[in-house]
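Using the sequences provided together with the hints, build the complete structure.
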Amino acid sequence: MLRPERAALAALMLTAAMAGHAQPDAVALLPRPFSATYTIEWRGFTAGYSTLELKQTSSKDFVYSSRNNARGIFKLVFPNPITQESRFTIENGQVVPSRYQANDGSSDPSKDVSLRFDWDARRVRGAAEAKPVDLALEPGTQDDLSVQIALMLDLKSGHVPASFWLINKDEVQEYQYSRDGEETVDTPFGKLQAVIYRSHHQGSSRTTRLWLAPSLDYMPLRAEQTRHDKIEFAMSIRSFKKS
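This note's numbering runs 61 ahead of the 1-based position in the sequence shown.
Incorrect hints may have been included.
Computed cross-link-like contacts, DSS-like style, restricted to lysine-lysine with a CA-CA straight-line distance of at most 27 Å [claimed, not checked]:
1. K291 to K217
2. K172 to K252
3. K303 to K217
4. K302 to K230
5. K116 to K217
Computed Cβ-Cβ distance ranges for the label pairs, DEER-style [as the list claims (entries may be wrong)]:
6. P200 to R93: 20 to 30 Å
7. S171 to R132: 38 to 48 Å
8. E243 to R184: 19 to 29 Å
9. A191 to F250: 37 to 47 Å
No wet-lab data here; the hints were simulated from the structure.
Every residue, glycine too, gets a C-beta built ideally from N, C-alpha and C.
Here is the structure:
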């Protein structure tokens, strides 16, 4: 989703950077392709549905995409699907993004985002909502989508989330993370145990909580974004399928 929708979805999916410890089984460090759908809730109303899909294109290359469709009166504001796509590789268990694109569904290209990651030069370049982007890359920097996969691999390999650098429009910002307990979540496919993580960017009034299922490789079951302790935006899982 694009601002504010893309930012909300990104916040719901924010995670920690990979710690980068070596593992004996290289296959275990690769994410498993999947597709999942979510109900999008905005201030108590069902605003639409989101589809997330991870595809493996080679031994180390992946494409992760999201497609968000509004429903009801929300379709008057967002008549066309809002899409994102991240391309990345897995290097030593770490997610290394190479390209990110986002389209708000409108015919106005000035609202789109297109970024390329040049890790040799340690720069990310492109355009975000008509603003040129040319920024230094911090180690482990992710985009709005690749960050979710980084989280899933991080937790699956037993690493503890700490902080994470995310490219946000024309800035690279650091987010802090902390574990916030455990909870059993009701889903369309039964009750699942989840660990809860909280993320926050210094200076922001918004906080995000994620309910992550170890039994589904730490796929988010639910996510909430709050502002001044009031829920603004939430997502709840509807379906999950491993490819």
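Practice problem: Any hints from earlier that this structure breaks? Give me their numbers in increasing order, please. | Solution: 1, 2, 4, 7, 8
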